[in-house]
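Chemist: Below, each chain spelled out in residue letters.
Protein chains: 2
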Amino acid sequence: MLKWENLDQLPAFQELKNEKHVDLAEVMTGAAGADRVKSMSVPMAEGLAYNYAAKEVDESVLAKLVKLAEEAQLSEKFEELYNGAVVNTGEKRLVLHQLTRGQLGKAVEADGTDKRAFYKKQQDRIAEFANKVHAGEIVNAAGEKFTTVVQIGIGGSDLGPRAMYLALENWARKHGCFKMEAHFISNVDPDDASAVLQGIDVAHSIFVLVSKSGTTLETLTNESFVKDALKKAGLDPAKHMIAVTSETSPLAKSADYLAAFYMDDYIGGRYSSTSAVGGAVLSLAFGPDVFAAFLDGAHKADETALEKDPLKNPAMLDALIGVYERNVLGYPCTAVLPYSQALSRFPAHLQQLDMESNGKSVNRFGEPVNYVTGSIIFGEPGTNGQHSFYQLLHQGTTIVPLQFIAFRKSQIENDVDIQGSTSQQKLCANVAAQIVAFACGKKDENRNKNFEGHRPSSIIIGDQLTPETLGALLAHYENKVMFQGFLWNVNSFDQEGVQLGKVLAKRVLAHETEGALAVYSELLNI
Amino acid sequence: MLKWENLDQLPAFQELKNEKHVDLAEVMTGAAGADRVKSMSVPMAEGLAYNYAAKEVDESVLAKLVKLAEEAQLSEKFEELYNGAVVNTGEKRLVLHQLTRGQLGKAVEADGTDKRAFYKKQQDRIAEFANKVHAGEIVNAAGEKFTTVVQIGIGGSDLGPRAMYLALENWARKHGCFKMEAHFISNVDPDDASAVLQGIDVAHSIFVLVSKSGTTLETLTNESFVKDALKKAGLDPAKHMIAVTSETSPLAKSADYLAAFYMDDYIGGRYSSTSAVGGAVLSLAFGPDVFAAFLDGAHKADETALEKDPLKNPAMLDALIGVYERNVLGYPCTAVLPYSQALSRFPAHLQQLDMESNGKSVNRFGEPVNYVTGSIIFGEPGTNGQHSFYQLLHQGTTIVPLQFIAFRKSQIENDVDIQGSTSQQKLCANVAAQIVAFACGKKDENRNKNFEGHRPSSIIIGDQLTPETLGALLAHYENKVMFQGFLWNVNSFDQEGVQLGKVLAKRVLAHETEGALAVYSELLNI
Chain L
1 MLKWENLDQL
11 PAFQELKNEK
21 HVDLAEVMTG
31 AAGADRVKSM
41 SVPMAEGLAY
51 NYAAKEVDES
61 VLAKLVKLAE
71 EAQLSEKFEE
81 LYNGAVVNTG
91 EKRLVLHQLT
101 RGQLGKAVEA
111 DGTDKRAFYK
121 KQQDRIAEFA
131 NKVHAGEIVN
141 AAGEKFTTVV
151 QIGIGGSDLG
161 PRAMYLALEN
171 WARKHGCFKM
181 EAHFISNVDP
191 DDASAVLQGI
201 DVAHSIFVLV
211 SKSGTTLETL
221 TNESFVKDAL
231 KKAGLDPAKH
241 MIAVTSETSP
251 LAKSADYLAA
261 FYMDDYIGGR
271 YSSTSAVGGA
281 VLSLAFGPDV
291 FAAFLDGAHK
301 ADETALEKDP
311 LKNPAMLDAL
321 IGVYERNVLG
331 YPCTAVLPYS
341 QALSRFPAHL
351 QQLDMESNGK
361 SVNRFGEPVN
371 YVTGSIIFGE
381 PGTNGQHSFY
391 QLLHQGTTIV
401 PLQFIAFRKS
411 QIENDVDIQG
421 STSQQKLCAN
431 VAAQIVAFAC
441 GKKDENRNKN
451 FEGHRPSSII
461 IGDQLTPETL
471 GALLAHYENK
481 VMFQGFLWNV
491 NSFDQEGVQL
501 GKVLAKRVLA
511 HETEGALAVY
521 SELLNI
Chain W
1 MLKWENLDQL
11 PAFQELKNEK
21 HVDLAEVMTG
31 AAGADRVKSM
41 SVPMAEGLAY
51 NYAAKEVDES
61 VLAKLVKLAE
71 EAQLSEKFEE
81 LYNGAVVNTG
91 EKRLVLHQLT
101 RGQLGKAVEA
111 DGTDKRAFYK
121 KQQDRIAEFA
131 NKVHAGEIVN
141 AAGEKFTTVV
151 QIGIGGSDLG
161 PRAMYLALEN
171 WARKHGCFKM
181 EAHFISNVDP
191 DDASAVLQGI
201 DVAHSIFVLV
211 SKSGTTLETL
221 TNESFVKDAL
231 KKAGLDPAKH
241 MIAVTSETSP
251 LAKSADYLAA
261 FYMDDYIGGR
271 YSSTSAVGGA
281 VLSLAFGPDV
291 FAAFLDGAHK
301 ADETALEKDP
311 LKNPAMLDAL
321 IGVYERNVLG
331 YPCTAVLPYS
341 QALSRFPAHL
351 QQLDMESNGK
361 SVNRFGEPVN
371 YVTGSIIFGE
381 PGTNGQHSFY
391 QLLHQGTTIV
401 PLQFIAFRKS
411 QIENDVDIQG
421 STSQQKLCAN
431 VAAQIVAFAC
441 GKKDENRNKN
451 FEGHRPSSII
461 IGDQLTPETL
471 GALLAHYENK
481 VMFQGFLWNV
491 NSFDQEGVQL
501 GKVLAKRVLA
511 HETEGALAVY
521 SELLNI
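Protein chains in written order, with the numbering used here: chain L, 1 to 526; chain W, 1 to 526.
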């Protein structure tokens, strides 16, 4: 029987508070530091590795974290989840995004169907549709091929798929599997849709409308915006649009769409990149095989997350160290710093994934917790960030734990040798240098040039950013966030915090306001 | 005589600590809340207004903040700065970015020249050059017009100009002053340059190489990358490239460039959008008149910052409230949330501006300070953010002060009416709703649906995002950051924290490493 206890009820958590704060500058220096970097590494799926040598942990802290994982029953809770328990207690829903990429445990039946079969069927239907588009069997009214795909969605229907598209665009071009360029319309700001529509050839564009409920205000507004533009161009919107939605939504069986592909209530928006939400746009852009390879990588990472020993389970270990940093060491933020321009929007996706999942202050039973939960996530690609906010990270008064990501090879593999090294070598040299600079610092008599060090970081190292490694990377973070939710005893799968704003916005638009809200409405000319 | 004292030496700071914490939910409710929104607003330049009704301040707190401004001699220090004092004590430099857009005080002479005249001359030289490019008087080797401009730079030479370009792109297209599209190459990741070069017509592209020192590793590497591509295309790089640099840099008088435009050591990278660093790319993209209008807006905001009464000086008031939130209320982060898709990269620019300027732990004399300084800055445009990280902002355990920005009108002014309101009205309704939702919250028996409220925010409201209002917005934040630096008694104009990483990266590339750094280098195949 599972016990869902608050973090501060677990003995290991209390013991962790008594652990000596590891002196990072000391342990990372000299031969001992070298040994640490060699040994404190966990293999991940698809040849990636999670290296945590530059985290403020030692054998003693790790032993307590292992104990914490056992007390919090992390593996058992994950098992419950993938076997179809109602882990999303708030909305009383199963949590099945892992099933979109493979079967981890027992068959899960819901809504009268086997869910793995359901998700696989959607993937296959999308593959068939995409292949027909690429083959010129599904064409526009003039009988011409579609050249562009435009995703209309917001939040999880936008950030994840967009980040994944950008992550694979160059790789796909290099490997001859780039099929169509993709664009994204998300914001209700009319300039977003207008600018995208100005920049594309609408007559050869296929639009993917993504809304699970079929009622998301921004998305329906942008759909109308797009339909308007299509009609003005003398085109029939129904011949240019597909829907990704739940089977019960008003969009599901509508004649307004060329086709509809389905997700369900068991896939949260921020966990939906591997469902039809990411599947339609990515399969159209890069072909179904690339999307399948991406799912494969994610599934392999899920399998790694099954490992019961936290020291061999990268997502679980990452989660445990993160909670130690947040709740024992007291750091409020985490920066995600990919040394890969292709991952330029990956931090924005993780920002949603993490902050929307674990930015809670009640536990899964609706009781307030007495400790801090999800941290603030932000980040930009390196080396760009080095010339920007790294100043504060190195010498500011708030310590921010860092999550580096780096690959040995670039995606396009086009490079130049300047001053004895390639750009890719310079990129990698910089990330290696930063880890050590943050950890060890450097004493200087001039305090303005002094580096305290003691800034913890981890790094995920891979050979190259490919569909497989991207899938593994994505699933790593999804599983990390899930394990942290278990540790904090919160429900990581609902998002009640977004509701109040929606309710009040509707009131403003209906002119049913008073007090401060009425004055703001007036100031904004609504 | 100016006194440069630490924040905790100022009596008003100690008094602020004894102030009663304003109950935001209470004061923002009912008729009193409406009055607050009406009265707690300061006019800014170019018709913008800074509204701080939803901040945790009242008359008593404001009185202490006014006292704090006096004790910290904020106005006097600004006066010293714009009159040419060596305010950048670390590097022993003047700080003159305000002079790039107008004269605020006395003539400032340095390097044997009047600096306002120097910056104006560069602006005029750029204008002349841009006009010739647009008129087809400066052309490529085949005698054809340039159609594209590509900025090569990193950090301040990238983030600010890129954010400004994106902010004005739609506006310029709408108003018939869009001259050339701009692209940006920044990261040393070879995929960044490769991808940009793949997407443009190099034969009709003009490249702007931006490096003050002429020695920035990433920028010189990317320059070589670009030159390589130009040569491979049978083109002469010297006919496709201009430089923005200091007069003493190796790039200044080189035959490798069509022209060179100058900045100097008194303009920090993150403050350089209004100098030649932003001037070249923006004048080429939109024409010199648009750039001049942008400078005008910035200058008007600088003039507003001269006001000695903090309650009439939006940048100073914003700074004071921010320090109160950071040092008295203890909030570690600030989110910047523009309800304008055109400002999509504005938060990334402010992240650099703020975190690189005030992420310090020693005062201007190099002595450690006993209080926290610059906060963590992050943000994404609304309404996108609402469907992402707002969950944590509403219901998480860490309170994050918010800075909203909104405009009554869109830029393209193309809109559709759906369900009785336009997209722009929906956008504005959402920001109004969020302010009140964050401040007042909403009680619910179901704790999972409960909103505590008491989340402070401010909003800058304008009519439309134009060159003038963008300039005013930019200068507002520059001046805010400057005033906060004065309050914290730090030097906001150096960035020693970026040096150690550079030194270590060089060592890695020279294979002069040992210990942890050697092992990381090996893991990354350098």
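Note that these hints are calculated values from the structure, not bench results. Quick caveat: nothing in here was measured; it's all calculated off a predicted structure. Please note: incorrect hints may appear among the correct ones.
Where chains are identical, the list cannot tell them apart; a pair therefore holds if satisfied intra-copy or between any two copies.
Unchecked claim - The calculated lysine to any residue pairs, modelled on SDA-like cross-linking and capped at a C-alpha distance of 20 Å, are:
| hint | residue 1 | residue 2 |
| --- | --- | --- |
| 1 | Lys-227 | Thr-215 |
| 2 | Lys-232 | Gly-30 |
| 3 | Lys-232 | Leu-329 |
| 4 | Lys-253 | Glu-109 |
| 5 | Lys-106 | Ala-252 |
| 6 | Lys-179 | Gly-199 |
| 7 | Lys-120 | Glu-109 |
| 8 | Lys-92 | His-175 |
| 9 | Lys-92 | Asn-131 |
| 10 | Lys-232 | Asp-309 |
| 11 | Lys-308 | Glu-137 |
| 12 | Lys-506 | Arg-125 |
| 13 | Lys-231 | Ser-41 |
Chemist: Enumerate the violated hints, using their earlier numbering and listing them in ascending order.
Modeler: Structure breaks hints 2, 3, 4, 5, 8, 9, 10, 11, 12, 13.
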